[in-house]
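Each chain, written out:
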Amino acid sequence: MAGLAAAFGSGAMTNSIEEIEFTDVILATGTNTTENHPVLSSRIKRAVRQNNAKLIVIDPREIGLVKYATIWLRQKPGTDVVVLNGLMNVIIAEEIFAKEYVESRTEGFEALKKAVSSYTPEYVEKISGVPAEDLKTAARLYATANKASLLYAMGLTQHINGTDNVKSCANLAMLCGMVGIEGGGVNPLRGQNNVQGACDMGALPNVFPAYQAVANDEARAKFEKFWNVPLQGKPGKTIMEMMDSAEKGEIKAIYVMGENPMMSDPDITHVEACLRNLDLLIVQDIFMSETAAIADVVLPSACFAEKDGTFTNTDRRVQRIRKAVNAPGQAKADWEIIADLSTKMGYSMNYNSAKEIMSEINAVTPSYAGITYDRIEKEGIQWPCPNTDHPGTRFLHSGHFSRGLGLFHAVEYVPAAEQTDDEYPLILSTGRVLYHYHTGTMTRLSKGSEERCPESLVEINPFDAKNLGIEDGDTVKVTTRRGSLEAKSKITKRSDVGMIFMNFHFHEAAVNLLTNPVLDPIGKIPEYKVCAVRVEKA
Amino acid sequence: MEKICSVTIDGKVIEASPGQTILEVARANGIYIPTLCHYSNTTNVGACRVCVVEVEKARSLVASCTMPISHGMVIKTDTKKVRDSQKMVVELLWASGNHDCLSCERNGECELQNLVYWLGIERPRFNIEPPNYKIENSNTMIQRDLTKCILCGRCIRACNEIQVNEILDFANRGNFAKVGPAFDNDYIDSECYFCGECVDACPVGAITFKQARFSGRPWEIKKVKTTCTYCGVGCQMDLNVHNNRIIKVTGNKDYIHPNEGSLCVKGRFGMDFINDSSRLTTPLIRKEKDGEFTEATWKEAYDFITERLTEIKKKNGPDSIAGLSSARCTNEENYLFQKFLRAAIGTNNVDHCARL
Numbered sequence: 001m002a003g004l005a006a007a008f009g010s011g012a013m014t015n016s017i018e019e020i021e022f023t024d025v026i027l028a029t030g031t032n033t034t035e036n037h038p039v040l041s042s043r044i045k046r047a048v049r050q051n052n053a054k055l056i057v058i059d060p061r062e063i064g065l066v067k068y069a070t071i072w073l074r075q076k077p078g079t080d081v082v083v084l085n086g087l088m089n090v091i092i093a094e095e096i097f098a099k100e101y102v103e104s105r106t107e108g109f110e111a112l113k114k115a116v117s118s119y120t121p122e123y124v125e126k127i128s129g130v131p132a133e134d135l136k137t138a139a140r141l142y143a144t145a146n147k148a149s150l151l152y153a154m155g156l157t158q159h160i161n162g163t164d165n166v167k168s169c170a171n172l173a174m175l176c177g178m179v180g181i182e183g184g185g186v187n188p189l190r191g192q193n194n195v196q197g198a199c200d201m202g203a204l205p206n207v208f209p210a211y212q213a214v215a216n217d218e219a220r221a222k223f224e225k226f227w228n229v230p231l232q233g234k235p236g237k238t239i240m241e242m243m244d245s246a247e248k249g250e251i252k253a254i255y256v257m258g259e260n261p262m263m264s265d266p267d268i269t270h271v272e273a274c275l276r277n278l279d280l281l282i283v284q285d286i287f288m289s290e291t292a293a294i295a296d297v298v299l300p301s302a303c304f305a306e307k308d309g310t311f312t313n314t315d316r317r318v319q320r321i322r323k324a325v326n327a328p329g330q331a332k333a334d335w336e337i338i339a340d341l342s343t344k345m346g347y348s349m350n351y352n353s354a355k356e357i358m359s360e361i362n363a364v365t366p367s368y369a370g371i372t373y374d375r376i377e378k379e380g381i382q383w384p385c386p387n388t389d390h391p392g393t394r395f396l397h398s399g400h401f402s403r404g405l406g407l408f409h410a411v412e413y414v415p416a417a418e419q420t421d422d423e424y425p426l427i428l429s430t431g432r433v434l435y436h437y438h439t440g441t442m443t444r445l446s447k448g449s450e451e452r453c454p455e456s457l458v459e460i461n462p463f464d465a466k467n468l469g470i471e472d473g474d475t476v477k478v479t480t481r482r483g484s485l486e487a488k489s490k491i492t493k494r495s496d497v498g499m500i501f502m503n504f505h506f507h508e509a510a511v512n513l514l515t516n517p518v519l520d521p522i523g524k525i526p527e528y529k530v531c532a533v534r535v536e537k538a
Numbered sequence: 001m002e003k004i005c006s007v008t009i010d011g012k013v014i015e016a017s018p019g020q021t022i023l024e025v026a027r028a029n030g031i032y033i034p035t036l037c038h039y040s041n042t043t044n045v046g047a048c049r050v051c052v053v054e055v056e057k058a059r060s061l062v063a064s065c066t067m068p069i070s071h072g073m074v075i076k077t078d079t080k081k082v083r084d085s086q087k088m089v090v091e092l093l094w095a096s097g098n099h100d101c102l103s104c105e106r107n108g109e110c111e112l113q114n115l116v117y118w119l120g121i122e123r124p125r126f127n128i129e130p131p132n133y134k135i136e137n138s139n140t141m142i143q144r145d146l147t148k149c150i151l152c153g154r155c156i157r158a159c160n161e162i163q164v165n166e167i168l169d170f171a172n173r174g175n176f177a178k179v180g181p182a183f184d185n186d187y188i189d190s191e192c193y194f195c196g197e198c199v200d201a202c203p204v205g206a207i208t209f210k211q212a213r214f215s216g217r218p219w220e221i222k223k224v225k226t227t228c229t230y231c232g233v234g235c236q237m238d239l240n241v242h243n244n245r246i247i248k249v250t251g252n253k254d255y256i257h258p259n260e261g262s263l264c265v266k267g268r269f270g271m272d273f274i275n276d277s278s279r280l281t282t283p284l285i286r287k288e289k290d291g292e293f294t295e296a297t298w299k300e301a302y303d304f305i306t307e308r309l310t311e312i313k314k315k316n317g318p319d320s321i322a323g324l325s326s327a328r329c330t331n332e333e334n335y336l337f338q339k340f341l342r343a344a345i346g347t348n349n350v351d352h353c354a355r356l
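So the protein sequences, as listed, match chains A and B.
Using our numbering, read the first sequence as starting at 1 and increasing by one per residue.
Using our numbering, read the second sequence as starting at 1 and increasing by one per residue.
Don't read these hints as lab results, they were simulated from the structure.
Careful, some of the hints might be misleading.
Under the rule of at most 20 Å between Cα atoms (straight-line distance), these lysine-lysine pairs were calculated in the PhoX-like manner [as the list claims (entries may be wrong)]:
#, chain 1, residue 1, chain 2, residue 2
1, B, 313, A, 344
2, B, 299, B, 315
3, B, 287, A, 378
4, A, 466, A, 447
5, A, 248, B, 315
6, A, 234, A, 524
7, B, 57, B, 81
8, B, 313, A, 323
9, A, 378, B, 222
10, A, 344, B, 314
11, A, 378, B, 313
12, A, 323, B, 225
13, A, 147, A, 136
14, A, 222, A, 234
15, A, 248, B, 80
16, A, 355, A, 76
17, A, 147, A, 76
18, A, 344, A, 323
19, B, 57, B, 80
20, B, 225, A, 378
21, A, 248, B, 287
22, A, 344, B, 299
23, B, 315, A, 344
24, A, 477, A, 490
25, A, 99, A, 114
26, A, 54, A, 67
27, A, 447, B, 315
Some chain A residues flagged as far from chain B (calculated, every beta-carbon gap over 10 Å) [what the hints assert, rightly or not]:
#, residue
28, 5
29, 103
30, 126
31, 127
32, 129
33, 209
34, 375
35, 407
36, 412
37, 448
38, 452
39, 468
40, 469
Heads up, the beta-carbon is just placed ideally off N, CA and C, and yes, glycines get one too.
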């Protein structure tokens, strides 16, 4: 998000889901979308099978989309920048970039040109393993399309240089004039139902709703007036920083609403030590999650089917959720609990419904100003929607970027923080599988998901398996510098030689005991996609 | 300017665009033509012949779902010839399957049943001779009873043309034709992703949601439109509620954005957690570090929290308190949560797991 915001002035998905089906070229990198966003992936597959679109997949794993791909660039994990810079190197060398667009709508081209000049196809092949000819073919395919949509997800961001990876995607799209047009764009695919909304609503340490900076005096004055209370101008701490502060004893109390950092954060052992060091841990959840289990107070909340509200999806569409059934026992909607607690704490919050809260959001959030419950009763509206006559916005940056001119960033390749060595010779990447979701608290209770995917599997290439004397289904021990666990092996060519893949859904094989908590310095996202491991027969 | 064709349907003169089928023009103008194999957003195959109409000067009845209009076309949808033909087709379908509405899940929302009734058929004139297929009972999500299958192919087109999962197809020919995954496997032994698109597509009781069987009749069910709680696509779906329980999740093609009625295995079959007995139902307080949780009232929990937070804030300042909001909760809740931290506590220490 930080990467896109720096380049365009907005970190959101630029275009709409439906446009993906009617574009000429789709470049999907670091997104295993058939498993993580299956319904969106149908649009990609229909574009290819029915509308003659060309699909470029850049991914170290042989993901589901590869079956539909025109060309597949299989890079070594962590070398995304090399490949993306390489594509731009070819496009600039062959002068097939959008010269007029670059001149009139962007800045920083010379710096970009200089930065990518050393990423020749031959160099790219040497570092990333992507054949030089394939790189050229893909570059030409993307650059010469009338419209091309670039899709990415956590496969790009969960790296030490995740922000750089995103900036490179922005560079590539701008270089070819693909931003601000229908069917184009740089499109981060959100993995969680309301990540977009949580960001939009200011559940971030540095911004109020609609990304109005807390450090900005004008913005702060506006919220001070509206909320009738003096506010702090110093940005707060990110999750990872909170954990470190808790360990040091600077943060004494953490209130967790609907999160499970004991499963989702890297290096769980460290997270547990941090949380246990608190004077007060409040957890509000629908289940006794791993995090709730070590809390001082646990508050039962209603799930999405038991309350009213809105979610904002990945293409900025604000959509209703509706109460269908009653919450169990005394469980209450999260908004009711927060309001009760705030009033108890001496700051009064009186709302009779989620709709009333949305009215307040409309008033302080310019991009949501025109998104009222009445207007989204039938169909959601995509922000920005500045007033109640505005139809919403299908794609961003039409005519000009949110920040004015699009900004190229000169990005250099930074190797993954942890490299393989004799002791830890393989690379571990983590992610999700189709049948489960995130830390598994919900899908692990689903009969169907458990039937289809009952246990964590270590996906390993037949070549590596043979070298290690591992047969399909053997229990293997996976060890990193931080911890070790056991799980069954699945021998598959989906994993490239030299890498293994594991999901993070199963607490029995909690892969975040292994992952490297090193963060991207700007996005503060942990490097879940690359760490060095040793695999042996258990 | 788009070219306009003029056609006459049941005596009504209608202007339409070239390339539209007779069925499309009729439906757009409120003229009912029944269909079975027709399924929007997929290829028109003209397989079931239920949508036949009479076209002047045509040698025989034509399938309205596949026939494009032409200028001056005169179409009749309710002649005796049309009805006789439709009855024949429907009676043959009835006779070739095990259409026992008494125990069928689709009773009340079955397209074949509706057609039988609409055409006023008492009994089929042919002997009822269903094929001898076993009910597919080998997974917990989707049940298939191919003795009820009318071979309309909607499940196949849903699988291949909508989801593009490319699992289902026809096998064999004539009386032996059947639908399914490769090698006549059960779903569970195939590559099937259990998106359930085939169930929504099935017009009869051949493919049904297994866990919803016998837990509520169509007319007892309340459908509540909502947004899926899993990934960021934000699929619109109907929660089918009976007796305060979600018995199944269905797609709805009328909900255009963003999913046009499609769902995936998580949205479709991942709702068991809602009714799970492990849900938290009461506030819990751990009075002493490393002690056990004890059940509490909301008031006790609020008092416990307020007392401690106030003390911590007084002693260590507001920045000694932090909050983790949630990408799983609503906009309204995220808004209130950050407002609570910023306005009620006085810190900007608020974040959520967008990064993970």
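Here is how each hint holds up against the structure:
Our distance criterion of 20 Å between C-alpha atoms is met by residue 313 of chain B and residue 344 of chain A, whose separation comes to about 15 Å. Straight-line distance between C-alpha atoms of residue 299 of chain B and residue 315 of chain B comes to about 24 Å, which puts the hinted pair past the 20 Å bound. Note on residue 287 of chain B and residue 378 of chain A: the hinted pairing is violated, with a Cα-Cα distance of about 47 Å set against a maximum of 20 Å. A distance of roughly 34 Å separates the Cα atoms of residue 466 of chain A and residue 447 of chain A; the hinted pair therefore is violated under the 20 Å criterion.
Restraint check for residue 248 of chain A and residue 315 of chain B: satisfied, since their Cα atoms lie roughly 16 Å apart, inside the 20 Å limit. Restraint check for residue 234 of chain A and residue 524 of chain A: satisfied, since their Cα atoms lie roughly 18 Å apart, inside the 20 Å limit. Restraint check for residue 57 of chain B and residue 81 of chain B: satisfied, since their Cα atoms lie roughly 15 Å apart, inside the 20 Å limit. Straight-line distance between C-alpha atoms of residue 313 of chain B and residue 323 of chain A comes to about 36 Å, which puts the hinted pair past the 20 Å bound.
Between residue 378 of chain A and residue 222 of chain B the CA atoms are separated by roughly 17 Å; this keeps the pair inside 20 Å, and the hint holds. Our distance criterion of 20 Å between C-alpha atoms is met by residue 344 of chain A and residue 314 of chain B, whose separation comes to about 16 Å. For a cut-off of 20 Å, the pair hint linking residue 378 of chain A to residue 313 of chain B is broken: about 44 Å separates their Cα positions. For a cut-off of 20 Å, the pair hint linking residue 323 of chain A to residue 225 of chain B stands: about 9 Å separates their Cα positions.
Distance hint between residue 147 of chain A and residue 136 of chain A is fulfilled; the C-alpha atoms sit about 18 Å from each other, no more than 20 Å. Of the supplied pair hints, the one linking residue 222 of chain A and residue 234 of chain A holds, its CA atoms being roughly 16 Å apart against a limit of 20 Å. Proposed proximity of residue 248 of chain A and residue 80 of chain B is contradicted: the alpha carbons are some 86 Å apart, above 20 Å. Between residue 355 of chain A and residue 76 of chain A, the direct Cα distance comes to roughly 48 Å. Violation of the 20 Å bound is thereby established for this hinted pair.
A C-alpha spacing of about 28 Å is found between residue 147 of chain A and residue 76 of chain A, which places the hinted pair above 20 Å, so the restraint is violated. Between residue 344 of chain A and residue 323 of chain A the CA atoms are separated by roughly 26 Å; this puts the pair beyond 20 Å, and the hint is violated. Only pairs whose Cα atoms come within 20 Å are accepted, and residue 57 of chain B paired with residue 80 of chain B is accepted, the gap being roughly 17 Å. At roughly 9 Å between alpha-carbon atoms, residue 225 of chain B and residue 378 of chain A fall within 20 Å of each other, so this suggested pair holds.
The hinted pair formed by residue 248 of chain A and residue 287 of chain B fails the criterion: a straight-line CA distance of about 24 Å is larger than 20 Å. With a C-alpha separation of about 10 Å, the suggested pairing of residue 344 of chain A with residue 299 of chain B holds against the 20 Å cut-off. In summary, the hint linking residue 315 of chain B to residue 344 of chain A is supported, as the alpha carbons are separated by about 19 Å, within the 20 Å threshold. For the hint pairing residue 477 of chain A with residue 490 of chain A, the CA-to-CA distance comes to about 13 Å; that is within 20 Å, so the pair holds.
At most 20 Å may separate the alpha-carbon atoms for a hinted pair to count; residue 99 of chain A and residue 114 of chain A meet this at roughly 16 Å. The straight-line distance between the Cα atoms of residue 54 of chain A and residue 67 of chain A is roughly 12 Å, inside the 20 Å bound, and the hint therefore holds. The hinted pair formed by residue 447 of chain A and residue 315 of chain B fails the criterion: a straight-line CA distance of about 49 Å is larger than 20 Å. For residue 5 of chain A, the shortest C-beta to C-beta distance to chain B comes to about 13 Å, beyond the 10 Å cut-off, and the non-interface label holds.
Once the 10 Å rule is applied to beta carbons, residue 103 of chain A is consistent with being away from chain B; the minimum gap is 35 Å. At roughly 32 Å from the closest C-beta of chain B, the C-beta of residue 126 of chain A stays outside 10 Å, upholding its exclusion from the interface. For residue 127 of chain A, the non-interface assignment is confirmed: its Cβ lies about 27 Å from the closest Cβ of chain B, beyond the 10 Å cut-off. Distance check on residue 129 of chain A: its Cβ is at least 28 Å (rounded) from any Cβ of chain B, clearing the 10 Å threshold; non-interface status holds.
For residue 209 of chain A, the shortest C-beta to C-beta distance to chain B comes to about 6 Å, within the 10 Å cut-off, and the non-interface label is violated. At roughly 14 Å, the least C-beta separation between residue 375 of chain A and chain B is larger than 10 Å, which holds for a residue marked as non-interface. With a closest Cβ-Cβ approach of about 22 Å to chain B, residue 407 of chain A is found to remain outside the 10 Å limit, as its non-interface label requires. Annotated as non-interface, residue 412 of chain A keeps its C-beta farther than 10 Å from every C-beta of chain B; the closest such distance is 23 Å.
Listed as outside the interface, residue 448 of chain A is inconsistent with that label: its C-beta sits roughly 4 Å from the nearest C-beta of chain B, within the 10 Å cut-off. Non-interface call for residue 452 of chain A relative to chain B: violated, since the shortest CB-CB distance, roughly 7 Å, does not exceed 10 Å. Against chain B, the non-interface label of residue 468 of chain A holds: every CB pair exceeds 10 Å, the least being about 28 Å. With a least CB separation of 29 Å from chain B, residue 469 of chain A remains clear of the 10 Å interface cut-off, as annotated.
When the structure is compared with the earlier hints, violations turn up for hints 2, 3, 4, 8, 11, 15, 16, 17, 18, 21, 27, 33, 37 and 38 and for no others.
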